[in-house]
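Peer 1: These are the residues of each chain, in order.
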Amino acid sequence: MEQIICKDAALGYEDGIVTEELNFTVSSGDYLCILGENGSGKSTLIKALLGLKPQVRGEITWANGFTAKEIGYLPQQTPVQKDFPASVREIVQSGCLSKTGFRPFYNAKEKALAHKNMHRLGICELEKRCYRDLSGGQQQRVLLARALCATEKMLLLDEPVTGLDPHAQNDLYELIASLNKSGITIIMVSHDISSALKYASHILHIGKKQLFFGKKEDYIKSRIGRSFIETEAQTNG
Amino acid sequence: MAEIIEKLQNAFSFSFVWYALIVGLLIALCSSLLGVTLVLKRFSFIGDGLSHVAFGAMAVAAVVGLTNNMLIVLPVTVLAAVLLLRTGQNTKIKGDAAIAMISVGTLAVGYMLMNLFPSSSNISADVCGTLFGSTLILTLTPFDVWLSIGMSAIVLTMFVLFYNKIFSVTFDETFSKATGINSDGYNLLIAVITAFIIVLAMNLVGSLLISALIIFPALSAMRLFRSFRGVIICSAVISVICAGSGMIISIVASTPVGATIVCADIAVFLAFWIISAFTGRSKA
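Residue numbers (the numbering used here), protein chains in the order written: chain W, 1 to 237; chain D, 1001 to 1284.
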């Protein structure tokens, strides 16, 4: 079942197109990895998928009753957050905010949802801890729990492992994979090609225009895929 | 000791001292609540900028000869607040530069106007009063008191009703936007409330010291508390206690009200800082 359909979309700002000829679909249960050089429009694409920035041309459709508001978003951390005095529970609960409407406080159902998601991500014992005292990996789990409070359908992750040590990176990738297995669609922006190839089901590679979209297996065989894997292997290795 | 009590009894037999106390405590409460958000959003300096705008507007009101200068000061300050918070996003002049520019610009224009069109014979006392709030607080009329109570009630109600939204927008604007929260709307709300508080607080501590009233309680609370709610409540308590004791000390010791309150705030900040350094409860 398709959730997002992107047809001939061009993205950018008033004074210039960043990336164009985007044609891809995201279906429920997919694990899509978006690859691209810096400045290739990955963050612009994120904003478009979230419905925060309309495309310049073409069409982006959220299909089958799925809406942009149902995407659980895991943004990159801002400096403001790194020393923010807030307890884990306060942050996770804030994911339920879109469900409250004009009601000023959280009801029992929303509190239970927050608790369930903390349990799911194994951060229950951190509930009362302060966000700024947590490790990078724990902080990402908190933000993931918050995103899960906002959605049960799709997570959009923006470079989630940046700044984590290899062990924590691995834990987070495994966690995301297990969420995907439980039926949540994953869209991840990444430049970590090896993990992308390990976990993703689909790859979208963008540059000035769309360079590749399809199954991971086809990407590995494709010319663009082979050359990208090779350069990344050289720079990392 | 008896002398001090007598002095206080004497002072509190005047209704204007009670007015000052009521208004002062309300202002301290409101400003500390908002201060937490402003500090966390890296907008600490906005209080300073806006208060100078209010100073300029007050000078204009004096020149025009309005008896109730709130009519000019409030709308102008609200407008400036909206413009300043807007600049946060994408403009040619960056946020901090815009604030600095507006801040000193209006200060200069205001002082200039006060000199060109003096409304009383003692300009420097006027200017000093507006900047440091030394005399204004004792000249409040019952109308001013009710106005302050009304505005504080609005600010407090807004804050309680939108507490969770304000938290979310402060912590992570992009996420809030993505889940369909109207972050721009809440930023606007924060800007408008800030302007209200600044205009109110000018009476108490004067325009130069308002920033202190906004940021010190919040910074002190952040030394020791580690949940958003804890910080907010602690900040409010600190602010009210400091404002109250500051005003009483200023009566007893005949010191300027605004400066005394700010000194009390500084003392609490230092105390909290030392406690947090010893207990290691907070990373800087």
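Honestly, the hints are just simulated from the structure, not real lab data.
For every residue, glycine included, the Cβ atom is placed at its ideal position computed from N, Cα and C.
There's no promise every hint is true.
Computed cross-link-like contacts, SDA-like style, restricted to lysine to any residue with a CA-CA straight-line distance of at most 25 Å [as the list claims (entries may be wrong)]: (1) W:K82 x D:Y1163; (2) W:K53 x W:K111; (3) W:K109 x D:L1189; (4) D:K1177 x W:G214; (5) D:K1177 x W:F212; (6) W:K53 x D:S1227.
Footprint (simulated), chain W over chain D, 3 or more residues, beta carbon under 8 Å [unchecked claim]: (7) 1039 to 1049; (8) 1171 to 1182.
Peer 1: State the violated hints by number, sorted upward, taking the hints as numbered earlier in the document.
Peer 2: 2, 3, 4, 5, 6
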